[in-house]
Amino acid sequence: MAIKDITLGQYFPGESRIHRLDPRTKIIGTFVFLISLFLVDHFLGFALAGLFLLVLILVSGVPFRFLFRGLKPILFLIVFTMLINLFMTSGTALVALGPLTITEEGLYRASFMALRLVLLIFGSSLLTLVTKPITLTDGMERLMSPFNRLGLPSHELAMMMTIALRFIPTLLDETDKIMKAQTARGADFESGNLFRRAKGLIPLLVPLFVSAFRIAADLAMAMEARCYRGGQGRTRMNRMAFGKGDALAALILALYAAGILYLRGRLG
Amino acid sequence: MRIEVRDLTHIYSEGMPFETVALRNVSFTMEPGSFVGLIGHTGSGKSTLIQHLNGLLKPMEGKVLADGVDVTEKSEASRSVRRKIGLVFQYPEYQLFEETVLKDVCFGPRNLGMSQEVCEDRAFHALRLVGLDAEDVKDRSPFGLSGGEKRRVAIAGVLAMDPEVLILDEPTAGLDPKGHNDILDMIQKIRQARDLTILLVSHNMDDVARLADYVLVMENGALVMEGPPQWIYAQEEKLQQLGLSLPSATALMRLLARQGHPVRTDILSAAEAEEEILRVFG
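From first to last, the protein sequence lines are chains D and S.
Following my numbering, the numbering of the first sequence begins with 6 at its first residue and continues without gaps.
Following my numbering, the numbering of the second sequence begins with 448 at its first residue and continues without gaps.
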């Protein structure tokens, strides 16, 4: 079933240098990388970004297959963006297909956009592939904690994210189970027109919601039984600490950012 | 209906770091009218196996044949054969969704394209068969019933499809001893009333010993033992190696025999044990 193929936030277990970095380094690094992609205004910049990412992927040991799987769900978006840019940009015509013309500028922009999107997806999926979801939200909590004074409930936000991530596989499992049980009773989730299909989802959605509420109630009870009362005064079992690896990572990241800015200044 | 499983292999997440072999070259035959017990630890591949029997999972290698028809084909013959294999999942009460019990039980037959009248007729039959007062429960919400009643309604929902083979995955999981016995009695009653071929998945030795006339034992995705219960339960050492216990009646008789009492040790149920003890000591 397709349900099992969803890779949202999937972690690829490993012991590489990148896996072992402090989650804060990885989050900041990812942000810098994503922002850098928007600063790039020349293919040479993408070459640098691509090379940087390639090295990271190789060091992390995550197979390329995994990254490409994350690309699948938004393939449609990429192709759509490319086509729009390809046909809708005015400029010097290269080829004319009836009312549609492909221009030099269109070709340039289409490939530019596609590259940017692909790198964005690869960059952000790499973060979740090399960081355990729980570690990731811990890192976010720490990064957000300076804003506590401004009234941002950073612990609560992180806890909500942790719980949401933690229950994605559970709910997928549950969906799979209910789908199978109803299929065994002759339900059909795959044929018919849009209206029939939507109606066909009722036997799946009602039990799924019942399950979700049951799981939520159980979890709330279990947390309360262990005296959970939010973030105040809580201590951690695993304390985060920046190490030598993180210093090295920061240096490499700074060099990369400088490179991107240099290319922008020279060629822009 | 005769079900033949041939060299069935199934691997989850093939080619990934989480790859697990769920089934490895499993072959067996279920004769028409037999009551087969399938035992094994959690994770031994029982659930994966039964999902292959009505085509919910497709085998990576091997075949499942029901009366000679491959159950995974897209043909009409294959579809009609699949409909005759009813599957009751673990905790089936979580699949209830309709406003009333009657509507929920009708869901299966309605999907088979039956008329409203036939659906309701079958639903009433099925509800009575699982030991519920059909008139009383038909208009109630399934979510307002007790745990045991919900499970019966869910089982009725599968029976209403009029299967020839009924597969039950741990039908007594999470029930108290009374509910447990009630469900087992109910299964026996259904079998007699409908002349069904039954596959019962369980890790309770007593249940399997009491009901089954053929036993399959699974371990790590492979079928490690199969045969009549008397034969299976005579091999205490092999069962122990697999981390499985004897039925309590058999264990008791073996204990008595070891202490020098002249009792038979091929006893499987409490009733038989009582008889034998009275014969020897009475």
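Since the hints were made in silico from the structure, they are not lab data.
Just so it is clear, CB atoms sit at the ideal spot from N, CA and C, and this is done for glycine as well.
Watch out, some of these pointers could steer you wrong.
Claimed, not checked - The calculated lysine to aspartate or glutamate pairs, modelled on EDC-like cross-linking and capped at a C-alpha distance of 20 Å, are:
(1) K185/D / D616/S
(2) K505/S / D193/D
(3) K204/D / D193/D
What the hints assert, rightly or not - So the derived label-pair ranges between C-beta atoms look like this:
(4) F247/D / E684/S: 55 to 61 Å
(5) R74/D / W678/S: 46 to 52 Å
(6) R201/D / S593/S: 20 to 26 Å
(7) S129/D / D568/S: 22 to 28 Å
(8) E461/S / L59/D: 22 to 28 Å
(9) L102/D / L559/S: 36 to 42 Å
(10) L88/D / S527/S: 42 to 48 Å
(11) C232/D / A640/S: 24 to 30 Å
(12) S593/S / C232/D: 43 to 49 Å
(13) S527/S / M93/D: 35 to 41 Å
(14) G462/S / V100/D: 53 to 59 Å
(15) W678/S / L176/D: 41 to 47 Å
How the hints compare with the structure:
For the hint linking K185/D to D616/S, the alpha-carbon distance of about 13 Å falls within 20 Å, and the restraint holds. A distance of roughly 17 Å separates the Cα atoms of K505/S and D193/D; the hinted pair therefore holds under the 20 Å criterion. For the given pair, K204/D sits about 10 Å from D193/D by alpha-carbon distance, which is consistent with the 20 Å threshold. In this structure the hint that F247/D and E684/S lie 55 to 61 Å apart at CB holds, the actual value being about 57 Å.
Roughly 48 Å separates the CB atoms of R74/D and W678/S, a value that falls within the hinted 46 to 52 Å. Take R201/D and S593/S: their Cβ atoms lie about 34 Å apart, and the range 20 to 26 Å is violated. Checking the proposed 22 to 28 Å range against S129/D and D568/S shows it is violated: the Cβ atoms sit about 57 Å from each other. Our hint of 22 to 28 Å for E461/S and L59/D holds, since their Cβ atoms are close to 27 Å apart.
Distance hint check for L102/D and L559/S: the Cβ-Cβ separation is about 50 Å, which falls outside the suggested range of 36 to 42 Å. One distance hint, 42 to 48 Å for the beta-carbon pair L88/D and S527/S, holds here, with the actual separation near 45 Å. Between C232/D and A640/S, the C-beta spacing of about 53 Å breaks the proposed range 24 to 30 Å. The given range of 43 to 49 Å is broken by S593/S and C232/D, whose C-beta atoms sit roughly 32 Å from each other.
In this structure, S527/S and M93/D break the distance hint of 35 to 41 Å, their C-beta atoms being roughly 53 Å apart. Look at G462/S against V100/D: about 41 Å separates their beta carbons, and that is not inside 53 to 59 Å. The hint said 41 to 47 Å for the Cβ distance between W678/S and L176/D, and at roughly 44 Å that hint holds.
In summary, the structure is inconsistent with hints 6, 7, 9, 11, 12, 13 and 14 from the numbered list given earlier, while agreeing with the others.
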